[in-house]
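*Asks:* Please construct the entire structure, taking both the sequences and the accompanying hints into account.
Here the sequence shown is numbered in our numbering, starting from 1 and rising by one per residue.
Careful, some of the hints might be misleading.
[Claimed, not checked] Below, a list of computed lysine-lysine pairs in the BS3-like style, where the Cα atoms sit at most 25 angstroms apart: (1) K337 - K7; (2) K170 - K329; (3) K143 - K24; (4) K170 - K311; (5) K24 - K7; (6) K7 - K170; (7) K319 - K299; (8) K93 - K299; (9) K190 - K4; (10) K311 - K4; (11) K319 - K235; (12) K299 - K311; (13) K33 - K4; (14) K319 - K340; (15) K4 - K299; (16) K7 - K340; (17) K24 - K311; (18) K299 - K143; (19) K4 - K262; (20) K170 - K253; (21) K24 - K262; (22) K143 - K337; (23) K319 - K7; (24) K170 - K33; (25) K329 - K24; (26) K33 - K253; (27) K311 - K340; (28) K7 - K33; (29) K329 - K311; (30) K311 - K96; (31) K235 - K340; (32) K235 - K311; (33) K190 - K143; (34) K93 - K190; (35) K190 - K96.
Simulated from the structure, these hints should not be mistaken for lab results. Quick caveat: nothing in here was measured; it's all calculated off a predicted structure.
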Amino acid sequence: MNPKSHKLHQLRHRRDAFASLDPKVWWEDGIIKATVVAEPQVVVDVLRRPDSSLPDWNYFVGGAERVLGRRLEHLREASEFMPVLMHNEAHAKARKSLAIYLANRLQALEPGLPSIAGDAAARMLAGSTVDLFAEVVRPVVLKVGSVLIDADMPPDFLDRELSGVFPGSKSPSEFARINDDFGHVFAFLKPRCGSSEELANKLCCLTFGIDSLTMLLIESIITAIDEAGEARAIKLPDYPVETGVPVTSRYVKSDFEIDGGKFPAGTSVRLQMQSLGYSNENVHQQAIFGAGAHVCVGKQITLRLWTQFAKAINELELKGRIVSYELRKSMYVCLYKSVKVELWR
1 MNPKSHKLHQ LRHRRDAFAS LDPKVWWEDG IIKATVVAEP QVVVDVLRRP
51 DSSLPDWNYF VGGAERVLGR RLEHLREASE FMPVLMHNEA HAKARKSLAI
101 YLANRLQALE PGLPSIAGDA AARMLAGSTV DLFAEVVRPV VLKVGSVLID
151 ADMPPDFLDR ELSGVFPGSK SPSEFARIND DFGHVFAFLK PRCGSSEELA
201 NKLCCLTFGI DSLTMLLIES IITAIDEAGE ARAIKLPDYP VETGVPVTSR
251 YVKSDFEIDG GKFPAGTSVR LQMQSLGYSN ENVHQQAIFG AGAHVCVGKQ
301 ITLRLWTQFA KAINELELKG RIVSYELRKS MYVCLYKSVK VELWR
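*Replies:* Structure representation (structure tokens):
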């Protein structure tokens, strides 16, 4: 029997769990009511289909507002800046603006990437136990985030689950907390932005960049340690195998089938994106940044950072083992309390 999908993405040895799933596409009727997809090719096919769309975000937020008896004004304002919540020309225009903005920020970021990666690697000392989250990856994300928004990013931004705004299904109290988080971010960004377009691009960098970059880096190091065992040196691959978006959702607009599997109109689909990185097929691994209309705009920045990050850590030729792996509960992402690793040569 497959584990519940709202726990699958946070399992410690999830690669083995994904390999043992049978079936890899199934209907789940519990906390999650959706067709769950952990078959890599089906994940890609659903992402590319025009008759599957992101869930109706306004429907979920509206429901939370009715329960709370108040308007979630910061979430409503944030939604005006999110390309994934836009359609047709508005979507294309917002994505183009964000792509141009990120290309410019990459020019500012790239000269400092070797130093950022080197500083992170320097904290991974032989004969020590380090917290990958607090000591290695968190400083990297703070530095990268600061360059992306062209300001010194407050460290507490890393504790605000801005990515929790997607997908839409969550409790009213969770929506209220995320609304407050966006209010805090708006208060910081607005005085530092000269236009609504600049505000939109910087907000997207924070919303889609902080948690996803943290997850990609930490989970990739963990996977490399597991694969090396305790007898071989840790070696990060040329291309990351862990996605920064473990789960995404789609709404089925009209009936369709994929490899005999039925996806009825009006139902939800939960796509277990981690399955892509665990596939042996390169085409699947390349899709960890998404496929179709909503492929990650920040892919190139992430890969440039990854190249330097992997190089710096691989040069250490360290061996290691995971001592502890503590997460905050989330049905969609991996949010860390601590990830402690013992290192030696």
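*Asks:* Mind checking the alpha carbons of K329 and K311 for me, to see if they're no more than 25 angstroms apart?
*Replies:* violated (32 angstroms)
*Asks:* Given the hinted pair K311 and K4, is their Cα-Cα distance within 25 angstroms?
*Replies:* Distance ~37 angstroms between K311 and K4 Cα, so the pair is violated.
*Asks:* When you check the alpha-carbon spacing of K7 and K170, does it fall within 25 angstroms?
*Replies:* holds (15 angstroms)
*Asks:* Quick one, are K7 and K340 close enough, alpha carbons at most 25 angstroms?
*Replies:* Holds: K7 and K340 sit about 21 angstroms apart, inside 25 angstroms.
*Asks:* If you draw a straight line from the CA of K143 to the CA of K24, is it 25 angstroms or shorter?
*Replies:* violated (39 angstroms)
*Asks:* For the pair supplied as a hint, K319 and K299, is the alpha-carbon distance within the 25 angstroms limit?
*Replies:* violated (29 angstroms)
*Asks:* Verify the proposed pairing of K319 with K340, using a straight-line Cα cut of 25 angstroms.
*Replies:* Roughly 14 angstroms between the alpha carbons, so the hint for K319 and K340 holds.
*Asks:* Hinted pair, alpha-carbon criterion (25 angstroms max): K170, K311. Please report holds or violated.
*Replies:* violated (39 angstroms)
*Asks:* Under the criterion that the straight-line Cα-Cα distance not exceed 25 angstroms, is the pair K170, K33 satisfied?
*Replies:* holds (13 angstroms)
*Asks:* Holds or violated: are the alpha carbons of K7 and K33 at most 25 angstroms from each other?
*Replies:* This hinted pair holds, its Cα atoms lying about 14 angstroms apart.
*Asks:* Would the pair K170 and K253 pass a check requiring their Cα atoms to be no farther apart than 25 angstroms?
*Replies:* holds (21 angstroms)
*Asks:* Need the status of pair K93, K299: alpha-carbon distance at most 25 angstroms?
*Replies:* holds (18 angstroms)
Of the numbered hints stated above, those contradicted by the structure are hints 3, 4, 7, 9, 10, 15, 17, 23, 29 and 30, listed in ascending order.
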